[in-house]
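Participant: Note that the protein sequences, when read in sequence, are chains A and B. Anchor point for the first sequence: position 135 equals 135 in our numbering, and the numbering is continuous, going up by one each time. Anchor point for the second sequence: position 145 equals 145 in our numbering, and the numbering is continuous, going up by one each time.
It should be emphasised that the hints constitute simulated quantities derived from the structure, not laboratory data. A couple of the hints might just be wrong.
It does not matter which identical chain is meant; a pair holds if it fits inside one copy or across any two.
When the alpha-carbon atoms are kept at most 30 Å apart in a straight line, the in silico DSS-like pairs for lysine-lysine are as follows [what the hints assert, rightly or not]: (1) Lys123 <-> Lys86; (2) Lys97 <-> Lys74; (3) Lys3 <-> Lys84; (4) Lys84 <-> Lys122; (5) Lys73 <-> Lys3; (6) Lys122 <-> Lys3; (7) Lys84 <-> Lys97.
Since the structure is predicted, the reported quantities are computational estimates derived from the model, not experimental observations.
Number of protein chains: 2
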Amino acid sequence: MLKSIDPALNADVLYALRAMGHGDDVVLADMNFPADAIARETTLGRLLRMENIDSGRAARAVLSVLPLDSFVKKPAERMEVVGKPKEILPVHKEVQKEIDAAEGRPSPMGSIERFAFYERAKKAYCVIQTGELRGYGCFVFKKGVIIAPAG
Amino acid sequence: MLKSIDPALNADVLYALRAMGHGDDVVLADMNFPADAIARETTLGRLLRMENIDSGRAARAVLSVLPLDSFVKKPAERMEVVGKPKEILPVHKEVQKEIDAAEGRPSPMGSIERFAFYERAKKAYCVIQTGELRGYGCFVFKKGVIIAPAG
């Protein structure tokens with residue numbers, strides 16, 4: 001374990017989040033997502049895991065170190081429920097709460113249709129499969145920047 | 001996910017438990033154990049993980065599919081507290097409870113001194129690092145057999 005680092009961020013996940021740059025996407029996928037197949041098409045090329053925790057807990061850990069991109073309107077997006085794109089499930093609310101807490105203000109997620117989400121995920125830097133057992137626990141976060149104060 | 005399989009048993013762990021044979025050892029290690037270094041000396045040669053769950057939860061998942069060896073007196077053993085080999089910590093009690101439940105009867109664990117445990121672990125089939133944050137959450141289980149009834 002490491003000082004001040006959430007133990008849910010394993011060595012592989014921490015490596016990937018650190019290696020990502022401005023505008024790179026990280027996908028948080030649920031347990032039924034075709035995560036291995038899609039991860040092989042990403043930049044990292046292999047699947048990462050944060051097992052046995054739900055989407056909200058995983059988002060909290062990731063957002064404890066990852067800045068969201070302030071250059072775009074919706075740096076966080078969710079997969080839409082098939083046939084009900086506007087339906088907000090508890091898993092979406094839980095992750096929204098973590099995003100708002102990390103940003104220090106309401107920062108509503110965007111949404112992406114299921115198959116469009118797959119295509120977007122293939123272009124991500126990496127895919128992290130969480131232990132989320134509920135459906136539609138699939139999210140994409142765009143990495144932002146941490147700029148040193150002018151000296 | 002798979003029918004009737006505990007979701008805490010990820011694909012890599014399930015592969016290893018299935019591949020093990022009679023008398024092979026699997027180590028469940030806590031978060032501070034030198035798991036990566038020791039796992040590289042095991043038969044499998046690489047570390048497995050069951051993250052974000054404690055020793056008891058991980059033992060329950062493993063023992064839901066892994067038979068313990070009935071050919072030896074103590075098929076399950078724990079790492080001893082340094083300087084206090086007989087001290088039983090809550091993490092030990094929690095795993096003992098899972099062993100007893102899986103066996104359907106009291107089946108007290110044996111114990112191994114810390115450095116002897118490291119040597120024993122190097123000879124295991126594999127090491128699984130759990131999300132156990134407490135100390136001394138280190139165990140070794142010896143695989144038993146499942147014999148078809150005489151036809």
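Participant: Have a look at Lys3 and Lys84 and pick one of within, between, both or neither, based on CA distance no larger than 30 Å.
Facilitator: This pair counts as between: shortest inter-copy Cα distance 28 Å, intra-copy 43 Å.
Participant: At most 30 Å between CA atoms: does that hold for Lys84 and Lys122 within a copy, between copies, both, or neither?
Facilitator: within (23 Å within a copy, 53 Å between copies)
Participant: With 30 Å as the alpha-carbon cut-off, assign the pair Lys84 and Lys97 to within, between, both or neither.
Facilitator: within (21 Å within a copy, 45 Å between copies)
Participant: If the cutoff is 30 Å on CA atoms, where do Lys97 and Lys74 land: within, between, both or neither? Let me know, please.
Facilitator: within (15 Å within a copy, 48 Å between copies)
Participant: For the identical chains here, do Lys123 and Lys86 meet the 30 Å Cα criterion within one copy, between copies, both, or neither?
Facilitator: within (24 Å within a copy, 54 Å between copies)
Participant: Pop the pair Lys73 and Lys3 into one bin, within, between, both or neither, using alpha-carbon distances up to 30 Å.
Facilitator: neither (33 Å within a copy, 41 Å between copies)
Participant: Using 30 Å as the alpha-carbon threshold, which applies to Lys122 and Lys3: within, between, both, or neither?
Facilitator: Cα proximity of Lys122 and Lys3: across copies only (28 Å, versus 33 Å in one copy).
Hint compliance for this structure: hint 5 alone is broken.
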